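S.K.: Now for the letters of each chain:
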Amino acid sequence: MNWSKLNRALHRDIGYLCCGLTLIYAISGVAVNHVDSWNPSYRLTRITSNIGSLTQLPRQEHVPLILERVGEARTLKNVFPSAPEELTLFVEGNTIKVDLVTGETVQDRYVPRRFLYELNFLHLNHPKKLWTWCADIYAVGLAVLALTGLFVLRGRLGLVGRGGVLTAIGAAIPLFFLWLYL
Amino acid sequence: MRVLCLAVMLFAVSLVNASAGVEGSYGHGVTLPEVTPVSAIFDAPQNYVGKRVLIEGMIVDVCTSRGCWIFISGDRPYEKIRVKVTDGEIVFPVAAQGHLAQVEGIVQELRRSKQDVINWKRHLAEERGEEFDPSTVTGPEVTYRLRGLGAVIR
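Each protein sequence line maps, in turn, to chains A and B.
Note that numbering that gives the first Met the number 0 has the first sequence beginning at 0, numbered continuously upward.
Note that numbering that gives the first Met the number 0 has the second sequence beginning at 0, numbered continuously upward.
Calculated from the structure, these hints are not laboratory results.
A hint or two may mislead.
What the hints assert, rightly or not - Here are the simulated DSSO-like pairs of lysine-lysine, each with C-alpha atoms no more than 30 Å apart in a straight line:
#, chain 1, residue 1, chain 2, residue 2
1, A, K128, B, K83
2, B, K83, A, K127
3, A, K128, A, K76
4, B, K113, B, K83
5, A, K127, B, K50
6, B, K120, B, K50
7, B, K113, B, K79
8, A, K96, B, K50
9, A, K96, B, K120
10, A, K76, B, K113
11, A, K96, B, K79
12, B, K50, B, K83
13, A, K76, A, K96
14, A, K96, B, K113
15, B, K120, B, K79
16, B, K113, A, K127
17, B, K120, B, K83
18, B, K113, B, K50
19, A, K76, B, K120
20, A, K127, A, K76
21, B, K50, B, K79
22, A, K128, B, K50
23, B, K79, A, K76
No experiment lies behind these values; they were computed from the predicted model shown.
Please build the complete structure, drawing on both the sequences and the hints.
M.R.: Here's what the structure looks like:
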């Protein structure tokens, strides 16, 4: 096998191997780029209501009564008295803040975005451990893919012709933004 | 080829079924052996400003847009301290609310002018989709927070 064939074979096979991970990083990359406009991992909903004053009732009855009045049956994780007359209940998928005097209740419900949650989980390296190595190997794979890609074609369409111009444009884009913003 | 297809399918299924668990180590994790009570930081902040401490408590609030800060409850009623992390370096999931956590970081003192306090509180209100009344700010504020370096959520 000559050098050119080896280069093409490497480019092809690493390309196949990197395809899945590239899609994960690409989709999640766009999603997390826009965190100012949305939460890329969770769908958030706020519900306000009034469940009536609870001050006349004994404190131990507050939590079950709040859960009943807002119709929340999911597992209660914890309770935090956030102020003398305010209680915050943490339920799986819901945070319920209640003004015990007025009964004003704010529920912040969250549901992981199906598929995007998992993609972001990997992209933001929450698993750590073995995944860190996997992501490092993938990054090296991308570098090899980029370098071998430069030499797939020869001649007019290759690095000395059209390919060279496109490579120069690609390299100029980040340089332009560094000049613009740095 | 069949084995490859099976592997891809298994990977896709495992992604869809991945646990939404939030427990685990974030950032550099925790290294200090001793926990500093949040009340001790608030009672004598000058003893801690610039120092690395480990605190523990319940995560009672999370930044819903970037996951770049959390509030940890203190050991006294109604007390809580903000932990700010570098955007993107650590991303706290919304579902971490209500979980117990140990957080390690550097205690910081923030001195804000009245206008800075207004801007800051307006920003927080916008993040939460809440209304903000600038007249509730009466003057400059000094606050203490942790520059979070690592955390373990249980």
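S.K.: Which of the listed hints are not met by the structure?
M.R.: Going through the list in order, the structure violates hints 8, 10, 16 and respects the others.
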